[in-house]
Amino acid sequence: MKFISKKYLTLLISSGFILNGCAPSNIQINQEPGSNVFISPKMRDASLIPASQNLKKFPNKIAILLPLSGDYQREGESVLNGFLGAHYSLSPKNQEVENISVYDTQKYEDVKDAYDEAVTDGAKFIVGPLLQKSVDQLTQKIAFNVPVLALNSTETYNQIIGLYQFSLSSIDEVISTSNKVISDNNKVGIIIVPDNTLGLQLKEIYKTTFESMGGIIIDDQFYDPEKQDYSEELKDVLIIENSEKRHRRLSANLNEFLAFNPRRRQDIDFIFLLATDITNAKLLKSQLKYHLSGDEPIPVYSTSNIYSYNDDLSDLDGITFTDAPWVIDQQSWLENLPSIIREYWAGDTMQSRQNAMGYDAYFLISELSNIRNNSMDEFNGATGQLYMDYDLKIRRRLAWAKLVNGDLEIEDKNIQE
Numbered sequence: 007m008k009f010i011s012k013k014y015l016t017l018l019i020s021s022g023f024i025l026n027g028c029a030p031s032n033i034q035i036n037q038e039p040g041s042n043v044f045i046s047p048k049m050r051d052a053s054l055i056p057a058s059q060n061l062k063k064f065p066n067k068i069a070i071l072l073p074l075s076g077d078y079q080r081e082g083e084s085v086l087n088g089f090l091g092a093h094y095s096l097s098p099k100n101q102e103v104e105n106i107s108v109y110d111t112q113k114y115e116d117v118k119d120a121y122d123e124a125v126t127d128g129a130k131f132i133v134g135p136l137l138q139k140s141v142d143q144l145t146q147k148i149a150f151n152v153p154v155l156a157l158n159s160t161e162t163y164n165q166i167i168g169l170y171q172f173s174l175s176s177i178d179e180v181i182s183t184s185n186k187v188i189s190d191n192n193k194v195g196i197i198i199v200p201d202n203t204l205g206l207q208l209k210e211i212y213k214t215t216f217e218s219m220g221g222i223i224i225d226d227q228f229y230d231p232e233k234q235d236y237s238e239e240l241k242d243v244l245i246i247e248n249s250e251k252r253h254r255r256l257s258a259n260l261n262e263f264l265a266f267n268p269r270r271r272q273d274i275d276f277i278f279l280l281a282t283d284i285t286n287a288k289l290l291k292s293q294l295k296y297h298l299s300g301d302e303p304i305p306v307y308s309t310s311n312i313y314s315y316n317d318d319l320s321d322l323d324g325i326t327f328t329d330a331p332w333v334i335d336q337q338s339w340l341e342n343l344p345s346i347i348r349e350y351w352a353g354d355t356m357q358s359r360q361n362a363m364g365y366d367a368y369f370l371i372s373e374l375s376n377i378r379n380n381s382m383d384e385f386n387g388a389t390g391q392l393y394m395d396y397d398l399k400i401r402r403r404l405a406w407a408k409l410v411n412g413d414l415e416i417e418d419k420n421i422q423e
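The sequence shown stops at residue 423 when you use my numbering, and every number in between is there.
What the hints contain is simulated information worked out from the structure, not anything from laboratory work. Please read all numbers here as calculations on a predicted model, not as lab measurements. It is possible that some hints are incorrect.
Stated by the list, open to error - Calculated lysine-lysine pairs in the BS3-like style (CA-CA distance at most 27 Å, straight line): (1) K241 x K213; (2) K130 x K99; (3) K288 x K241.
Unchecked claim - Restraint ranges, calculated between C-beta atoms of paired labels, are given here: (4) D383 x A149: 23 to 29 Å; (5) K233 x N60: 47 to 53 Å; (6) N100 x Q146: 32 to 38 Å; (7) L96 x K147: 30 to 36 Å; (8) V194 x Y94: 44 to 50 Å; (9) D283 x G220: 30 to 36 Å; (10) K233 x A149: 47 to 53 Å; (11) P303 x P98: 48 to 54 Å; (12) T285 x E210: 22 to 28 Å; (13) N380 x N66: 19 to 25 Å.
Glycine included, every Cβ here is placed at the ideal spot set by N, Cα and C.
With the hints as extra help, turn the sequences into a complete structure.
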């Protein structure tokens, strides 16, 4: 008999099983620098099928550790909804999992106690925890007798026996962007990023990855995300000041005002624009449009921070960006699950990405339970094409879309259906 444990039934009664929360703000993102040897860009592979169509054996008892109360309840419930959505999307004959026990990590002083309790209760595979603090606590264990898929990443690149890590990392998006730019035959560009620790980190990762494929980042520009006027920063990185100086000098020499369209630098193929959120992206894009008005259009690439279901995105027209397939490019194998979840538990795009994370976590259990020699076959998932790095971290190759007249134009339509 298949059932969800009483631990979960209690949660249903107390929380109302409300769908709510992308990755919490305290999720850690980090990655080692890339190789200096030129490599070929790698995008999602159209020949790969989703894990749901190539099922491997599941353990019969699973535990999932999530924050289901407190500040991150919404995020935890969103992951849980996607996880259970994956379970019930399978036909009864393919549902090998007999027991799913759910543990609220906020009820434990140390998440290792939640892990130990799940093991004592008979779990054969454990998913979670989600929050950075909890993952850091868990990694204090030397090894894991029952394998665990943490829904976050640590800073270490050393393997810990029995521990796999999966997160909605901005790093995966930045790396995907570098691959996309090269695939589009753009080789020389500039980066515009927020002036904070994350911006610096992502700039370095993008630059290293892009240059490992033979590209060149010729300049970069930091901006204060708390400001609203970025004219000086944009004019600086686009070298518009030189054009303005020439105009002033020529006008002075002729002693008359001349009509003038400022000219940007002509030595770049693209701009990588990293925004902190949609509002920030709209400010930057509108000001970029103004400063580039006298020139040929130049490709602008960005990440999922610029996209939401609920916003008017016409101000962002022309930007090509990366996001989870669940959000922007839902293949038929998802069986309309994203739209069904949104219909019954209305949420924003951030929460939808958490649903996708839970969905993929479920199928990763099957994949990770059957790996040999720490090698996992790549497969198309709801958060991206998933593969495992040498440090047992699950990485993602993401979907692509372009904003045209405020609507999405999918870039990689040849993905396996």
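The hints, checked one at a time:
1. K241 x K213: holds (21 Å)
2. K130 x K99: Cα-Cα ~20 Å, so holds.
3. K288 x K241: Roughly 17 Å between the alpha carbons, so the hint for K288 and K241 holds.
4. D383 x A149: 23 to 29 Å: Given about 24 Å between the Cβ atoms, the range holds.
5. K233 x N60: 47 to 53 Å: For K233 and N60 the Cβ distance comes to about 49 Å; the hint holds.
6. N100 x Q146: 32 to 38 Å: holds (37 Å)
7. L96 x K147: 30 to 36 Å: Between L96 and K147, where Cβ atoms are some 31 Å apart, the hint holds.
8. V194 x Y94: 44 to 50 Å: This hint holds: roughly 49 Å between Cβ atoms.
9. D283 x G220: 30 to 36 Å: holds (32 Å)
10. K233 x A149: 47 to 53 Å: Cβ of K233 to Cβ of A149: about 48 Å, so the range 47 to 53 Å holds.
11. P303 x P98: 48 to 54 Å: Since P303 and P98 have Cβ atoms about 53 Å apart, the given range 48 to 54 Å holds.
12. T285 x E210: 22 to 28 Å: For T285 and E210 the Cβ distance comes to about 26 Å; the hint holds.
13. N380 x N66: 19 to 25 Å: holds (24 Å)
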